[in-house]
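**Student:** Chains A and B, in that order, give the protein sequences.
Residue numbers for the first sequence follow the numbering used here, so the first one is 569 and each next one is one higher.
Residue numbers for the second sequence follow the numbering used here, so the first one is 10 and each next one is one higher.
Since the hints were made in silico from the structure, they are not lab data.
Keep in mind the model is a prediction, meaning the values are calculated, not measured.
Facing chain A, from chain B, some residues (calculated, C-beta under 10 Å):
#1 Gly81
#2 Phe118
#3 Cys143
Where chain A lies over chain B, by a calculated footprint (3+ residues, C-beta under 8 Å):
#4 54 to 64
#5 84 to 92
Here a beta-carbon is modelled for each residue, glycine too, at the ideal position from N, C-alpha and C.
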Amino acid sequence: MNDIINQLTTYFSYPFVRYAFIAAILIALCSSLLGVILVLKRFSFIGDGLSHVAFGAMAIAAILSLTNEMLLVMPVTVLCAILLLKQSQAASGVRGDAALAMLSVGAMAVGYLLLNIFSTSANISGDVCSTLFGSTSILTLSRTDILVCVVMSLIVILTFVFMYNRIFAVTFDESFARASGINADACNLLIAVITAVIIVLAMNLVGALLTSALIVFPALSAMRLFAAFRQVMIASALTAVVSAALGITASILFSTPVGATVVVVNAAVFLLCCLFKRA
Amino acid sequence: MRLLTCKNLDIGYHDGLVARDINFHIDEGDYLCILGENGSGKTTLMKTILGLTPPIAGEIIFAGGLIAREIGYMPQQTLLQRDFPASVWEIVLSGTLGKSAGQGVQRFFYSAEQKKTAAANMQRLGIKDLAGKCYRDLSGGQKQRVLLARALCAASRMLLLDEPAASLDPKATEELYVNIKKLNDEGLSIIMITHDLAAARAYANKTLTIGKDIVFHE
Ligand SMILES: Nc1ncnc2c1ncn2[C@@H]1O[C@H](COP(=O)(O)OP(=O)(O)OP(=O)(O)O)[C@@H](O)[C@H]1O
Ligand SMILES: [Mg+2]
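Work the whole structure out from these sequences, hints included.
**Tutor:** See below:
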């Protein structure tokens, strides 16, 4: 026990570790708030698709050896999010889910193909693996990564606080919200952009394939336990923060990959919540 | 006093016309029932009145100081809502958002006045003790009363109800109709879509039948 505490104290005595820890928790918090909305709007599949798109964009950024990959990945993902939203609202044309499936699988394939052909890196599978499943340790996150995470997360959280009533109204009943003069299109656009931003941020932490876990698990756990919207939002945020903290700590202690560990903890919490019946 | 007139109105979506040449008018205190088969365009007409879908041709004229966002609207229930985690209070309160065109913080958070409106409308429909209950645990009749209370929060003079009694048993249906009639007697103009001819005959003073021919009956 003393060993463990010593090990953790040593780790957390580096300011850099502390910052990474905070950034990771903020990302988890944002994902969980967004998750409630996406799950209730039946949009969680969009989050999944977008993470694949982000992988494709990341691959291209790597080939172009951009110094800041975000500059390419973020706009591409945001653009796709907006397109997908429009697509899912249109009654005609290719069905939303089919379009998404094509886009996400296509982006993965193109991304991997390009990496294989053009990459100058000696360790392609290592690169691909960390993009898909996240950094092996939070220490590999760069200082700018962390700064961007913190700023973006704070913006997202503030947006949720200030738009809370509107977001609730649009999620619960879009026609009614429109009829009472709420700009539902703007709200949906906001949600799409936030989704894209969070997925790109979360990709640094847990990797492209695991981002939807951060989005979906806390929301589902919270909905098992609570039945009012505000309670669900708060519970989802708490679950996410606790799971992320536990997961990261565990990954330090047992030197396991961060992303996978955090997701496993989230899944475990969900199973636990399933055991309790809603009061 | 005249509140609403539809003149030679054609409604539909960009991929086609749904119904054409609709003419009717609503005065203060009127109770209009809209009748017609499934798919005849009743919901579309309501959405057009509310400004959710643009009219294809013709005019909708508001009069007597009525504006679209002051119309209370009770949409046809969607499947999505059935298992939505929200408390009755949260839902009714969201009905006041349209009126909150206030300044500063008022635009983002509920004011004391909005909370008062919500509470008063729950009192009006006798669902005050349901406030903390979860929407998905309510009976069909209670759910409809919650949505009616929400619509009332937005309505000052007119209510649009889209098949409010769908999926209710005869007793709950009757209770709902009595509630709506009470609101009508208090001065609200009602436009209600229904498949219930008996109710239309019992409560409405005007009917509009949408089909091959549009028939407006005063
Ligand atoms: N968003 C939409 N885009 C295109 N067409 C639509 C849309 N919504 C409805 N329609 C079409 O418009 C027609 C009228 O639909 P509407 O919902 O107004 O019927 P309704 O009279 O309310 O039927 P019901 O009694 O089943 O509620 C239908 O043929 C429907 O397919
Ligand atoms: Mg209808």
